[in-house]
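Colleague: Sequence:
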Amino acid sequence: MTDVPTQALDSSGELKSGFLYGNNFWLGSRSQCLDIMNKTPIEFARQYMLNNTRYRDPQDEFPPFQLNYFVAYIRHNSTLQYHINMFDEDLITLGLCLPASCSTNNISFILEGIFRDRILLINDLYFVDFNLIQIKNLKDNHQWLLNGAIPFIWYVEKHKDKKN
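Reading the sequence shown from the start, the letters are residues 20 to 183 in the numbering used here.
Derived from the structure by calculation, the hints contain no laboratory data. It is possible that part of the hints are untrue.
Label pairs and their computed distance ranges (CB to CB) [as the list claims (entries may be wrong)]:
| # | residue 1 | residue 2 | range |
| --- | --- | --- | --- |
| 1 | K58 | L140 | 17 to 27 angstroms |
| 2 | L39 | P82 | 35 to 45 angstroms |
| 3 | P24 | K155 | 18 to 28 angstroms |
| 4 | P24 | E176 | 43 to 53 angstroms |
| 5 | Y40 | I172 | 20 to 30 angstroms |
| 6 | K58 | T98 | 41 to 51 angstroms |
| 7 | D143 | P82 | 16 to 26 angstroms |
| 8 | I172 | D22 | 37 to 47 angstroms |
| 9 | W173 | N104 | 42 to 52 angstroms |
| 10 | E108 | L139 | 16 to 26 angstroms |
Listed below are the simulated DSBU-like cross-link pairs for lysine-lysine, each with C-alpha atoms no more than 35 angstroms apart in a straight line [said to hold, decoys possible]:
| # | residue 1 | residue 2 |
| --- | --- | --- |
| 11 | K58 | K35 |
| 12 | K35 | K158 |
| 13 | K58 | K158 |
| 14 | K177 | K35 |
| 15 | K58 | K155 |
| 16 | K158 | K177 |
We treat Cβ as the ideally placed atom computed from N, Cα and C, and that holds for glycine.
Generate coordinates for the entire structure from the input sequences, incorporating the hints supplied.
Modeller: Here it is, written out as structure tokens:
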């Protein structure tokens, strides 16, 4: 598990260039986050794998827990960012790769403390404060199928012959 925190951090979002011009999408990579748990990664030729396995055991790089991808919606008040009066232009979207056992309440509590205590370098760099709006859990439990798609398809199929 030596490299799991680094991999999770690498797949999480971060401040990107263009903030002053409105780049508020710091998403990272959901697919990379979920791929950390993939125990059958892409196969490389043996000569390329030798360097990767010489100094570490690849089996130690899989997390002993499930990971999940969350999105935090954060309002900022930076006056340095150019605004053109668009809807939600002061809303940052931040992707987070975290243990699946984290609840949205856990993440909210941690982020609110970070924002309250102003411990991020960006606070002083861009003269900005943050306010957490919402955390979304992007775990795909296929519940969306039951919420609309399947009942809609069933309804259409059942009633399509009644039109004639």
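Colleague: So does W173 sit 42 to 52 angstroms from N104, Cβ to Cβ?
Modeller: Roughly 44 angstroms apart at Cβ, these two residues keep to the hinted range, so it holds.
Colleague: How does the Cβ-Cβ distance of K58 and T98 compare with 41 to 51 angstroms: does it lie in that range?
Modeller: holds (48 angstroms)
Colleague: Tell me if the straight-line CA distance from K58 to K155 falls inside 35 angstroms.
Modeller: holds (26 angstroms)
Colleague: Keeping to a limit of 35 angstroms between CA atoms, is the pair of K177 and K35 held or broken?
Modeller: violated (50 angstroms)
Colleague: When you take the CB atoms of L39 and P82, is the distance between them in 35 to 45 angstroms?
Modeller: holds (36 angstroms)
Colleague: Given the range 18 to 28 angstroms, decide if the beta-carbon distance of P24 to K155 lies inside it.
Modeller: holds (22 angstroms)
Colleague: Does the hinted range 16 to 26 angstroms hold for E108 and L139 at CB?
Modeller: Taking Cβ atoms as reference, E108 and L139 lie about 20 angstroms apart, which means the hint holds.
Colleague: CA of K58 to CA of K35, is that 35 angstroms or under?
Modeller: holds (30 angstroms)
Colleague: Between K58 and K158, is the straight-line Cα distance small enough, at 35 angstroms or below?
Modeller: holds (19 angstroms)
Colleague: Run the distance test for K158 versus K177: straight-line Cα separation, threshold 35 angstroms.
Modeller: Holds, at about 31 angstroms.
Colleague: Does the Cβ pair D143, P82 satisfy 16 to 26 angstroms?
Modeller: violated (34 angstroms)
Colleague: Does the beta carbon distance between K58 and L140 stay inside 17 to 27 angstroms, or does it fall outside?
Modeller: violated (36 angstroms)
The structure is inconsistent with the numbered hints 1, 5, 7 and 14, although it conforms to all the rest.
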